[in-house]
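All chains, please: the whole structure from these sequences, using the hints.
Just so we're aligned, residue 1 is where the sequence shown starts under UniProt numbering, counting upward by one.
Everything labelled a hint here was simulated from the structure, so no lab data went into it.
Computed from a predicted structure; not experimentally measured.
Backbone N, C-alpha and C fix where the C-beta goes; we use that ideal spot for every residue, glycine too.
Some hints could be false.
Stated by the list, open to error - Now the in silico label distances, taken between C-beta atoms and shown as ranges:
no.	residue 1	residue 2	range
1	GLN22	ASP90	17 to 23 Å
2	GLN22	ASP60	27 to 33 Å
3	VAL117	ILE26	38 to 44 Å
4	ALA115	GLY83	30 to 36 Å
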Amino acid sequence: MSHKREHPHEEMQQLVNLDHDQNMAIVACAGPEHETLIGMARYDVDPKSDLADVAFVVRDEWQGRGVGALLMRRMAEIARGRGISGFEADVLLTNKAMMRVLEKSGLRLCLDLQAGVYHVTAHFEAAAAGAPAAGPSSSGPRQA
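If you want it as structure tokens, here you go:
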């Protein structure tokens with residue numbers, strides 16, 4: 001996911017039409033009625049590698065408050081349940097927050113840094129078996 005001023009219709013259709021098998025998206029919401037969208041995670045499976053390319057976005061004012069970690073845990077849970085082998089992501093060297101989310105995931109990461117971008121690969125079978133799976137607190141973000 002990246003910043004763009006315009007999104008062609010075809011690209012928007014790919015983002016909103018999910019088959020829940022090869023691609024998945026979830027959101028995190030906050031507020032008394034869960035009315036405020038504070039984060040989103042998405043993955044798309046590469047059938048050749050059986051790895052899901054995963055991406056996250058969290059509202060600036062919610063960064064550093066566990067939203068990314070919550071989304072990561074839930075996406076890993078969903079992907080494992082669908083038999084996906086693991087995640088991969090391209091993360092800018094300067095995106096320390098995303099690297100922290102990945103490092104805290106309990107997954108063993110393989111990193112390849114080229115031209116200021118980490119290509120991160122994490123296979124689920126390499127994850128720590130007892131990794132904590134804390135849920136959202138009542139006052140914090142909730143995933144819907």
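*asked:* To test your reading of the hints: which numbers does this structure violate?
replied: Per hint list: single violation, 3.
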